[in-house]
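The listed protein sequences derive, respectively, from chains A and B. Residues in the first sequence are numbered from 0 upward in steps of one, following numbering that gives the first Met the number 0. Residues in the second sequence are numbered from 0 upward in steps of one, following numbering that gives the first Met the number 0.
Take the hints with a grain of salt, since some may be wrong.
It does not matter which identical chain is used: a pair holds within one copy or between any two.
[Claimed, not checked] Taking lysine to aspartate or glutamate pairs in the DMTMM-like style, the calculated list, with each CA pair at most 25 Å apart, reads:
hint, residue 1, residue 2
1, Lys93, Asp253
2, Lys228, Asp157
3, Lys131, Asp166
4, Lys93, Asp219
5, Lys93, Asp143
6, Lys333, Asp152
7, Lys93, Glu257
8, Lys68, Asp271
9, Lys333, Glu162
10, Lys228, Asp102
11, Lys228, Glu270
12, Lys93, Glu162
13, Lys131, Asp102
14, Lys228, Glu257
15, Lys263, Glu21
16, Lys68, Glu270
17, Lys131, Asp157
18, Lys93, Asp157
Bear in mind the hints are in silico, worked out from the structure with no lab data behind them.
2 protein chains.
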Amino acid sequence: MVSQRGLDVLRAIVQDYVESREPVGSKSIVDRHNFGVSPATIRNEMALLEEENLIVAPHTSSGRVPTDKGYRIFVDHLADTRTISGAQRQAIEKFLDESHDYDDLLQRTSRLLAQLTRQVAVVEYPSLGGAKVQRIELVNISNDRLLCILIADNGRIDQRMIECGRDVSEGELSEYILRANGFAAGRSLSEAQGALAGFENHFPPGAQPVASAISAAIADLVAANRTHKLAVSGAANLVRTEEDFSGNLYPVLDAIEEQVVLLKLMCELAEDANQVAVSIGSEHGESGLRGASLMAGSYSSGGENAMVGILGPTRMDYSANMAAVQAVSRYLSKLLHS
Amino acid sequence: MVSQRGLDVLRAIVQDYVESREPVGSKSIVDRHNFGVSPATIRNEMALLEEENLIVAPHTSSGRVPTDKGYRIFVDHLADTRTISGAQRQAIEKFLDESHDYDDLLQRTSRLLAQLTRQVAVVEYPSLGGAKVQRIELVNISNDRLLCILIADNGRIDQRMIECGRDVSEGELSEYILRANGFAAGRSLSEAQGALAGFENHFPPGAQPVASAISAAIADLVAANRTHKLAVSGAANLVRTEEDFSGNLYPVLDAIEEQVVLLKLMCELAEDANQVAVSIGSEHGESGLRGASLMAGSYSSGGENAMVGILGPTRMDYSANMAAVQAVSRYLSKLLHS
DNA sequence: TATTGGCACTCTACATCGGTGAGTGCCAGC
DNA sequence: GCTGGCACTCACCGATGTAGAGTGCCAATA
Numbered sequence: 000m001v002s003q004r005g006l007d008v009l010r011a012i013v014q015d016y017v018e019s020r021e022p023v024g025s026k027s028i029v030d031r032h033n034f035g036v037s038p039a040t041i042r043n044e045m046a047l048l049e050e051e052n053l054i055v056a057p058h059t060s061s062g063r064v065p066t067d068k069g070y071r072i073f074v075d076h077l078a079d080t081r082t083i084s085g086a087q088r089q090a091i092e093k094f095l096d097e098s099h100d101y102d103d104l105l106q107r108t109s110r111l112l113a114q115l116t117r118q119v120a121v122v123e124y125p126s127l128g129g130a131k132v133q134r135i136e137l138v139n140i141s142n143d144r145l146l147c148i149l150i151a152d153n154g155r156i157d158q159r160m161i162e163c164g165r166d167v168s169e170g171e172l173s174e175y176i177l178r179a180n181g182f183a184a185g186r187s188l189s190e191a192q193g194a195l196a197g198f199e200n201h202f203p204p205g206a207q208p209v210a211s212a213i214s215a216a217i218a219d220l221v222a223a224n225r226t227h228k229l230a231v232s233g234a235a236n237l238v239r240t241e242e243d244f245s246g247n248l249y250p251v252l253d254a255i256e257e258q259v260v261l262l263k264l265m266c267e268l269a270e271d272a273n274q275v276a277v278s279i280g281s282e283h284g285e286s287g288l289r290g291a292s293l294m295a296g297s298y299s300s301g302g303e304n305a306m307v308g309i310l311g312p313t314r315m316d317y318s319a320n321m322a323a324v325q326a327v328s329r330y331l332s333k334l335l336h337s
Numbered sequence: 000m001v002s003q004r005g006l007d008v009l010r011a012i013v014q015d016y017v018e019s020r021e022p023v024g025s026k027s028i029v030d031r032h033n034f035g036v037s038p039a040t041i042r043n044e045m046a047l048l049e050e051e052n053l054i055v056a057p058h059t060s061s062g063r064v065p066t067d068k069g070y071r072i073f074v075d076h077l078a079d080t081r082t083i084s085g086a087q088r089q090a091i092e093k094f095l096d097e098s099h100d101y102d103d104l105l106q107r108t109s110r111l112l113a114q115l116t117r118q119v120a121v122v123e124y125p126s127l128g129g130a131k132v133q134r135i136e137l138v139n140i141s142n143d144r145l146l147c148i149l150i151a152d153n154g155r156i157d158q159r160m161i162e163c164g165r166d167v168s169e170g171e172l173s174e175y176i177l178r179a180n181g182f183a184a185g186r187s188l189s190e191a192q193g194a195l196a197g198f199e200n201h202f203p204p205g206a207q208p209v210a211s212a213i214s215a216a217i218a219d220l221v222a223a224n225r226t227h228k229l230a231v232s233g234a235a236n237l238v239r240t241e242e243d244f245s246g247n248l249y250p251v252l253d254a255i256e257e258q259v260v261l262l263k264l265m266c267e268l269a270e271d272a273n274q275v276a277v278s279i280g281s282e283h284g285e286s287g288l289r290g291a292s293l294m295a296g297s298y299s300s301g302g303e304n305a306m307v308g309i310l311g312p313t314r315m316d317y318s319a320n321m322a323a324v325q326a327v328s329r330y331l332s333k334l335l336h337s
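Given only the sequences and the hints, what does the whole structure look like? Please build it.
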């Protein structure tokens with residue numbers, strides 16, 4: 000069992016290591032913190048911490064480095080819950096208030112968080128599952144192609160191209176639009192998909208192929224909206240912290256681009272909606288992201304929750320970053336609810 | 000003046016250096032290429048090439064490395080104009096034919112090119128300047144917010160949120176829609192902007208604030224479409240070639256994220272529409288991208304030209320990459336014209 | 001005149017070696 | 001339970017030496 004003073008030592012080690020990037024020795028701890036005891040005593044505490052797998056020595060007779068488990072204890076019990084500065088708060092509000100639309104807002108959020116934390120920022124687009132269909136639009140693009148646009152009541156828009164194989168007159172088009180909206184408008188996305196089953200049967204045989212292509216496109220749009228999307232910024236920050244990833248950035252950059260893995264990890268963090276959650280190093284199973292921590296808080300938009308967070312090396316300033324993620328996610332929720 | 004054999008030596012140096020990543024010596028040249036002369040003769044040629052600033056020796060008594068100027072001669076006169084393999088061609092066609100819509104197509108193009116060249120791929124969205132307004136839609140999002148959607152006849156869609164400050168009834172809304180389309184539909188974007196001047200004067204005083212907000216949003220959309228957008232993929236490929244950037248990826252990743260610089264450079268490459276153009280190392284003024292080459296070809300969509308290309312270290316396989324960029328840009332044009 | 005073999009020279013990469021310093025573990029004494 | 005002392009370990013640094021790749025130059029040659 001680790002004593003209170005042991006935990007204080009752990010806190011000191013995490014703080015100093017995050018700052019200096021170098022293994023922390025017993026002497027430097029007594030120099031920088033007021034423990035009122037000698038290095039030898041600290042060494043005894045460190046031996047206990049090492050037994051508990053909270054810290055580790057990279058090699059015999061070097062200082063100690065926190066393990067993932069050590070960071071976990073730090074995050075859960077030892078990190079001071081900081082709040083961001085007034086200037087930072089103002090910067091957040093100013094920057095986000097300037098956004099033009101939904102897309103722009105989430106991209107700005109991502110950029111802002113990358114700048115505040117100097118890490119890679121990740122913002123999840125909310126699912127549209129609970130959103131309602133505001134309107135379905137069909138537009139003639141070229142002779143034999145239609146564009147199908149789905150507008151949700153929270154402002155999100157998605158589109159799909161439809162190949163008709165033949166011309167569609169304006170009159171026929173407005174018929175499709177009228178019916179499709181009759182079926183789907185006002186319903187939630189998940190309902191809309193069901194409601195459109197058999198859509199094509201309400202049209203004369205000649206129009207059925209196009210009608211079923213339309214209902215397929217809408218189904219596809221709805222399905223695509225279940226798989227979430229991400230806005231990512233600040234990849235350049237990774238080179239600053241390159242050594243922390245033991246020089247191998249490839250899997251991290253790859254994860255950022257592929258997004259699938261990031262999405263999965265973000266979802267796993269979503270349990271506790273009110274707190275900023277952290278997944279540290281090897282806690283998430285991804286071997287390529289073994290040196291990375293993911294931190295995320297949730298925000299809500301139109302009844303749907305989504306995550307906003309950062310990706311960085313396990314050796315990061317958890318206190319400051321949690322405060323930033325917290326502040327940004329709260330303000331984002333507030334903005335989307337107004 | 001450099002002799003024909005001198006140029007052959009330059010070609011050999013570029014090819015070998017690109018492959019081996021190591022300065023090329025006179026002996027290895029005679030070993031790998033059939034010059035039928037001794038290393039000493041090659042050394043004499045190399046001395047001349049060095050005088051012309053086409054190659055340089057990193058230090059006394061090491062092999063030679065091409066300079067940016069050397070790469071330039073190589074690209075302009077010496078590179079064999081390769082064509083891609085049948086399998087690659089099929090892969091391109093298969094992958095791009097599967098795209099759902101405009102956005103998806105350009106993103107797929109970017110991914111594809113990144114995979115083919117193993118570099119960072121950049122695809123410029125075409126300007127909408129010449130495109131026509133297909134329709135303008137206004138949608139009530141919440142009580143006091145409207146979403147303004149601009150649909151162009153080439154399938155591109157953009158949106159802006161409008162804060163009205165008061166409720167807008169459905170009747171009033173359809174009035175706005177009717178008029179806005181009356182003014183703008185069927186016109187090119189640039190015309191539409193002019194046509195909407197004084198739009199609000201056609202409404203009763205009570206409706207004028209909202210009307211002018213709408214026309215401002217449309218003007219904003221048109222303006223935003225003049226500043227182009229990029230789809231970028233394959234950033235992870237940079238770590239593979241990290242040493243080529245003398246270990247400093249920051250400015251490169253930064254340029255990728257900021258996009259402004261990339262856009263500028265792409266535009267500068269646009270002069271010759273039919274050929275793949277290359278900007279090598281310090282040729283473009285950006286100090287952060289001194290170790291990078293940008294290669295781009297143009298494609299056309301709805302009368303507008305835009306660029307598709309790659310960003311990589313100056314030490315890249317120009318022949319193969321030019322073939323890939325060429326093939327992808329041609330196929331993209333073809334797909335967009337059908 | 002262009003080419004070549006030979007030779008001295010240069011510089012990097014790599015391994016070896018000893019000294020220094022930071023840090024540890026352990027133990028006896030307070 | 002804390003502390004000072006001590007022996008020990010190991011990374012880091014600079015100096016040193018060696019091997020190898022490559023060059024420039026020159027005199028000889030076809």
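Item to complete: Give me the numbers of the hints this structure contradicts, sorted from smallest to largest.
Response: 15
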